[in-house]
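Enquirer: When we follow the working numbering, the leftmost residue of the sequence shown carries the number 1, and every step to the right adds one.
One should not assume that every hint holds.
Computed list of lysine-lysine pairs in BS3-like fashion (alpha-carbon distance at most 30 Å, straight line) [stated by the list, open to error]:
| hint | residue 1 | residue 2 |
| --- | --- | --- |
| 1 | K53 | K34 |
| 2 | K245 | K269 |
| 3 | K269 | K122 |
Hints in this document: simulated from the structure, not taken from any laboratory.
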Amino acid sequence: MDLRSLRYFVAVVDHQGFSRAAEQLHVTQPTVSKMIAQLEQSLDLVLLERIGKRFTLTDAGQVVLARGRALLAMHAELNVELADLQQLRRGELRLGVTQQAHQPLAPLLAAYHRQYPDLELKLFEDGTQAIETNLRNGTLEMGSLLDYAGNAHIWTEFDSLPLVSSPLCVLAPLASPWRGQSTIALRELADSPFIFYGASFALNDIVTDACAAAGFQPRISGRSGQWDFVASLVRLGVGVAILPKLFCDTLPQGQFSIATLTEPALDWKLRLAWRRNSHLSFAARAWLNLARTT
Numbered sequence: 001m002d003l004r005s006l007r008y009f010v011a012v013v014d015h016q017g018f019s020r021a022a023e024q025l026h027v028t029q030p031t032v033s034k035m036i037a038q039l040e041q042s043l044d045l046v047l048l049e050r051i052g053k054r055f056t057l058t059d060a061g062q063v064v065l066a067r068g069r070a071l072l073a074m075h076a077e078l079n080v081e082l083a084d085l086q087q088l089r090r091g092e093l094r095l096g097v098t099q100q101a102h103q104p105l106a107p108l109l110a111a112y113h114r115q116y117p118d119l120e121l122k123l124f125e126d127g128t129q130a131i132e133t134n135l136r137n138g139t140l141e142m143g144s145l146l147d148y149a150g151n152a153h154i155w156t157e158f159d160s161l162p163l164v165s166s167p168l169c170v171l172a173p174l175a176s177p178w179r180g181q182s183t184i185a186l187r188e189l190a191d192s193p194f195i196f197y198g199a200s201f202a203l204n205d206i207v208t209d210a211c212a213a214a215g216f217q218p219r220i221s222g223r224s225g226q227w228d229f230v231a232s233l234v235r236l237g238v239g240v241a242i243l244p245k246l247f248c249d250t251l252p253q254g255q256f257s258i259a260t261l262t263e264p265a266l267d268w269k270l271r272l273a274w275r276r277n278s279h280l281s282f283a284a285r286a287w288l289n290l291a292r293t294t
């Protein structure tokens, strides 16, 4: 039994005849007769009792007619829903974003909503390491990931698109020894307490690896996944932090000592990532196209 034979059967009943059904279906009458015969053979049941040019429905025919109408309606609804998705009238995008990605992503999010108001954006906020895990297991379709030497291997697994790049800066209390300096070598911070980031933040690895290359292990005085809170701790003298310039530029300049990190110079590079060769939803493809052109 297939949908086509059901459609022919329902048409014969609705139009009370094979000829009128054939006209409505734009096929020949023998084609309709053949499809009804194939349907009865597949079910091993008689659905129509023929009496000359007229027919009546058997008990089995009544059941098949009712269920057939329901199946055809479900199939039509399925086609409508799929067409809606293809035309971006519905759907959702599961996007992983770090709290630190809000600023560069906000204009893109707004443009996406204006262009596709019926698509739902489900934002999952976490560190980039957690986002990486959730991209792998399919919980997320796309997510923001940091690009740095320590995770260079993942780009064989993920496709990506650059979102933003910003030099890393040293954020220190206003009354720090580096007040007035425009640059700071990392080794100068060897004796300073550091404020680090949440456990799932790749920036921990970036800073730790850079400190090791500079010959010391950072002494951690506090942790937070919220950069605003990290800045507050720095302002109160709890420690120093290494954060992107794009964030440091938003802080009150008269409350901090801010200098570009050198020796080594490091950049905070954020990329939009998705699993390589994965099937992306219509909503995800629309997001990607917008990101490429914005």
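Enquirer: For each hint, tell me whether it holds in the structure or not.
Expert: Here is how each hint holds up against the structure:
Of the supplied pair hints, the one linking K53 and K34 holds, its CA atoms being roughly 16 Å apart against a limit of 30 Å. For the proposed pair K245 and K269, the alpha carbon gap of about 12 Å is at most 30 Å, so the pair holds. For the hint pairing K269 with K122, the CA-to-CA distance comes to about 23 Å; that is within 30 Å, so the pair holds.
The structure fails none of the hints (numbered hints given earlier).
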